[in-house]
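Using the sequences plus the hints, can you model the full thing?
If you read the sequences in order, they're chains A and B. Start counting the first sequence at 0; every next residue gets the next number (numbering that gives the first Met the number 0). Start counting the second sequence at 0; every next residue gets the next number (numbering that gives the first Met the number 0).
Calculated from the structure, these hints are not laboratory results. Hints should not be assumed to be uniformly reliable.
As the list claims (entries may be wrong) - Cut-off 20 Å, straight-line C-alpha distance, at most; resulting in silico cross-link-like pairs (PhoX-like, lysine-lysine):
1) B:Lys-222 to B:Lys-201
2) A:Lys-42 to B:Lys-201
3) B:Lys-201 to A:Lys-112
4) A:Lys-165 to A:Lys-189
5) B:Lys-57 to B:Lys-144
6) A:Lys-165 to A:Lys-56
7) A:Lys-93 to B:Lys-169
8) B:Lys-57 to B:Lys-77
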Amino acid sequence: MKFLLLAFSILIAGASSAYAEQVSLAKAAELGCHRIERLVTLKRIDAAFLEKFYGLKIEKLDSPEAAFRFSGFQALAADGSSRRVEILMDANGKASTHQVTDAAEGNSPTWPKTDPVTLMEYALHYVLENGASKPEVAPFFNNLTEGTLTQVQGANGQAVAQATFKTSESEKVLFVFQGLDGTFISAEVK
Amino acid sequence: MTTKAARLLLFILFVGSLAACSYRVEKDEDTRGVIRPSAELVAKVSFADVYRTVLQPKCISCHGTSGGVSLETYASTKNFLGKIHDTVLIQRRMPLAPVAPLTREELELVAAWVEAGGPEFPLNGDPVEPPPADPVLQPNFPSIKELIVDRKCLQCHTPGKEAGRIPLTKLDEFINSPLEIVIPGNAEESGFVLVLLENARKRMPPPETGMAPVSPQEIEVIKEWINSMDDQGQSPSPEPNPTPPVPPRNEPAPLAPTFASIKANVIDRKCLQCHIPGGKAERIPLKALKDFTESPLEIVIPGNAEESGLVLVTAADARKPMPPVGSGIPAVTPEEINVIKEWIQNGAIN
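So, in structure tokens, the structure goes:
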């Protein structure tokens with residue numbers, strides 16, 4: 000009987016923990032990018048959050064109200080501030096609330112083909128798709144802290160989008176390079 | 000002499016080996032791989048056969064009435080006979096993956112129909128059943144899944160496919176997604192609706208796939224389904240349909256000089272793709288009788304068919320013909336225009 004009770008308890012505990020399992024930080028960040036797009040579509044935030052997006056921060060929260068805090072921010076203004084939208088999410092990455100912090104607008108590069116939030120989302124797809132199979136990518140999948148998007152010059156002199164990701168596990172950074180239309184070019188960890 | 004005999008023997012063997020290497024050319028396929036259907040099949044093939052066997056199962060998901068190359072009706076399909084010949088029979092480019100390529104029998108059927116000149120009915124005069132109507136789209140998940148999701152979404156939104164990270168294979172994936180694909184009771188903010196709209200930032204299905212967009216009528220049915228759900232994602236019943244369903248697209252129905260008949264046979268089929276809330280021409284709604292008779296645009300002037308906008312824009316020589324040329328929507332036929340005129344002349348009553 001004791002054995003049965005023990006087995007039952009283990010099963011219940013297992014089921015509970017499975018139910019409470021959180022999405023990874025990289026997945027939460029990707030869902031945050033999707034949420035920015037939705038908020039713009041619904042006109043809850045202005046389109047500059049999509050068109051002048053510069054980067055994101057993601058962190059786990061120890062709170063019953065929310066499991067993740069996602070911040071999407073625009074290019075830094077001259078005074079060092081930046082407009083940002085903060086989104087709280089549950090353990091599944093589902094957004095609950097959002098809050099905009101206003102600041103002066105910074106200079107953002109022009110993104111002629113694909114908006115920068117989508118480019119960041121595509122770069123995060125690389126992390127999501129390779130987090131399990133490539134050990135060097137796993138830290139960014141599990142413990143991503145922030146990501147930024149800039150334009151750099153590619154090997155042939157053309158402008159390419161460079162997503163830079165940081166992790167709390169190490170000092171290394173992950174670069175994901177894409178064409179301005181979102182076509183994947185390469186990725187490397189340094 | 001012996002050498003000569005040996006040479007002759009070698010020559011015979013060589014010629015014999017060449018003959019052995021020849022291959023049999025199928026009598027119904029010429030050397031370029033072009034299908035040559037039998038005369039019997041050419042004589043008895045009809046549009047209904049081609050629609051039922053090939054178009055409906057393998058083409059309509061992309062080539063629907065909502066735009067581009069429409070293969071949903073006889074009239075519109077006939078316009079693309081040459082294109083069908085080139086892309087299906089010669090280049091063998093269609094249908095595109097992931098739809099399975101046409102089988103030998105299907106290719107023969109299409110080839111026979113093209114060779115016969117694309118007839119609606121068999122050339123030999125045999126009677127033929129009309130093409131089967133598509134099931135009517137209903138505001139419930141099984142219907143929407145069968146007629147919209149399976150046809151226009153699952154090519155990519157299936158695990159392992161291009162958009163497999165956002166699977167759309169079962170109801171749970173719609174209502175429990177953190178992407179809020181479906182928010183029960185709130186169609187206006189549901190991602191499933193937002194991405195289908197004409198002005199969507201990333202419209203689905205992606206225009207570059209060539210797949211026909213979901214029509215405004217279909218979007219209205221999807222909205223009705225979402226708004227009918229309770230907090231748990233349950234619809235009151237899978238069956239009821241309080242508003243008129245999207246009419247079957249190929250069901251022949253008699254046209255009569257009444258508003259209900261004209262609406263069902265002409266307006267719903269040829270106008271509401273755009274003249275509906277969310278459509279391209281939403282500012283000129285064509286839903287209720289008063290939209291016609293009380294419009295400042297004088298769409299219908301009771302008793303005066305000749306000056307009614309509805310007649311003027313559907314005429315073959317209209318300056319801005321409706322439905323627009325190139326929309327893929329079949330034109331209003333002279334017979335239909337005559338019935339519309341009769342209804343208007345009789346006072347345009349309900």
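Each hint, compared with the structure:
no. : hint                   : result
1   : B:Lys-222 to B:Lys-201 : holds (19 Å)
2   : A:Lys-42 to B:Lys-201  : holds (16 Å)
3   : B:Lys-201 to A:Lys-112 : holds (12 Å)
4   : A:Lys-165 to A:Lys-189 : holds (11 Å)
5   : B:Lys-57 to B:Lys-144  : holds (17 Å)
6   : A:Lys-165 to A:Lys-56  : holds (10 Å)
7   : A:Lys-93 to B:Lys-169  : holds (19 Å)
8   : B:Lys-57 to B:Lys-77   : holds (17 Å)
Of the numbered hints stated above, none is contradicted by the structure.
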